[in-house]
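So the sequence lines, in the order shown, correspond to chains A and B. Note that the working numbering has the first sequence beginning at 1, numbered continuously upward. Note that the working numbering has the second sequence beginning at 1001, numbered continuously upward.
Calculated from the structure, these hints are not laboratory results. We put the CB at the ideal spot given by N, CA and C, even for glycine. One should not assume that every hint holds.
To be verified - Examples of chain B residues lying across from chain A (beta carbon under 10 Å, computed):
hint, residue
1, 1096
2, 1102
3, 1125
4, 1126
5, 1127
6, 1129
7, 1132
8, 1135
9, 1151
10, 1152
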Amino acid sequence: MKKFIADIIEAVSEQFQYRELLWQMTRRDIIIRYKQAAMGFGWAVFMPLINTAVFSIIFTQVAKIDTPVAYPVYAYCGLLFWNFFSSSLRFSVTSLVSNINLVTKIYFPREIFPFSAVIVCLIDAFVGAVVLVVLMMYYHIGVGPSILLFPVVLLVHVAFTAAIALIIAMANLFYRDVKYVFEFVLSIWMYLTPILYPLEEINEKYRLAFQLNPMTYIIDAYHNVLLLNKPPEPISFVLTTIVSLGLFVVCWQIFHRTEFKFAENI
Amino acid sequence: MSAIITFDNVWKKFKKGERHDSLRDLIPATAKALFRKNSSSELEEKEFWAVEDVSFEVKHGEALGIIGPNGAGKSTILKLLTKILRPNRGTCSIVGRTGALIEISAGFHPDLTGRENIYLQGAIMGMRRKEITSRFDEIVDFAGLSSFIDTPVKRYSSGMNARLGFSIAAHLNPEALVIDEVLSVGDVAFQQKCINRMKEFKHNGVAIVFVSHNLQAVSMLCDNALYLKNKTMAMGKVTQVLEEYLKDTIPNTDFSERYLKVNDFNLSSSSKSLTDIAPRTSLNFTVNAIPKIKLKDYHIGFKVVRSTDLLVVYDGNWTGDELGCPELSPNQPVKFSFEFTSHLTKGQYYISWHIFYGETQSFLVEIVPAGHFSVDEGRTWAGVADLDVKAKVS
């Protein structure tokens, strides 16, 4: 236990020491993503917007479902935060392997790669949130005191995302199969998360699959605090918080202790 | 003063060939990696030692050169020093802020401009933004790239790339510096600039480990050297270690004894030793041989070469006529001797000897190297000839 805590302190202090690099890496990834792209940051808004339009047609015209607020806002809100999750992982999974030159030649904490991938996607999500605000205004959805819990929800979400990001980035370094398996898992995961439909709409038979998924409670919490002016479901959200933070600490430890093998196994 | 770079009985192994692992092995392998404290320190199947029991230490203001053939483990040692790899046995550590001039432009991203890359690479090397900003102009000036600083690096030539990379590294403020073969890039003027910069670092008390195939640079910069051979290593003063290395690397030429049989040859000096002699020492080289046939129209040649960069310092040729012995008779022992003075500066040198036969237009015998000697003195930084300069102030 003592060693575990000492290792955490070491990992965190090293990260702090290299904070400048985390910032520079993030900056690099943002600059190169939108360099030579005429639409620039427009893409961060465009993708969830198109998805929202498609799903709005499906779930309001073809297979009508009940949502507590206007469907486009409900779907956009879910998709925005799901996209943050999925694109963070998509960038993280190859983050170590695509920087092979740095991993094998220069020393610095390797956590920086998945971490900066998560931060870049978080910035995209903030840009995309502008559209959410516009949609909310258009559908006359006001916010209440529950919005004060938004930072907490976001923190839990980021911790959970970073935990998975660390593990898959590392796993993909050792076994390139991970990248393919992960794509497949992610697309199933999306439909097992109540992003486009409320949990209540799910057939009882399948509900357990949703209830074992931490993302269910995270997306649900976003819907509650942003659109419904309700706090998150207390018990399930506290559990999700504990699981997410615990997972983050454990995954970071695994990553940190395996780091020294990266250069010779990549 | 205590050592700031220490390398203590370090062993490091690698695996040969490809790993054919699948996802199936991921979970047990990860679990194993977690619960095992250190990787096993014994050789397993298909593994070999890349670094075997290497030890050294470097103190403030000292420079250690690491030399040896390709694949001897030089770069592995640097990777162990910079914590990219972890040793299987032994310990290595650097106390204080470390700068690494390894793959100096590895962190560059082709789509970013020179300016953006300076900040990125600087951060990779552990500099704070404030530091980079305060030295930004110096870095750009040193690299000589002021007019291209806002151009994406993908449009740079490879020389420009390397210059920018070195320049960033050269403006670090390290206590220990680890350098790997960075001199192979850039033009001669820039290389000279790099060497001077490294000397400056050393002068300011930085401990340096320098890996290079440029032996001239090693002998100019380093006090001590480590020579990695297969399985063994030699460590000591740079002149002695270089000499040992050069003896192993300068190829010995074979010669036929059909026309002339060489019995022995010998290089000697008036100061007895041939190692670290003073400039302007008298040396003597002799060859004892027996011609097998009557030799007319022959030339003999005597060469002095600086070993570290194969610079020919002297190359003299004499005909038999000039030597007052136009003809060598069969089976009559003959002695060739060359007396010379080492008007040379600090460095390693070897001599070679040959005899050329005009009738067949071929070398009868060529002995390379025919002897080694090294000169040591404390005044010159570079150069080759001892011009017996008398400096005065009045």
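Right, here's what the structure says about each hint:
no., hint, in the structure
1, 1096, "14 Å, violated"
2, 1102, "6 Å, holds"
3, 1125, "8 Å, holds"
4, 1126, "7 Å, holds"
5, 1127, "7 Å, holds"
6, 1129, "6 Å, holds"
7, 1132, "9 Å, holds"
8, 1135, "14 Å, violated"
9, 1151, "13 Å, violated"
10, 1152, "8 Å, holds"
Violated hints for the displayed structure, listed by number in ascending order: 1, 8 and 9.
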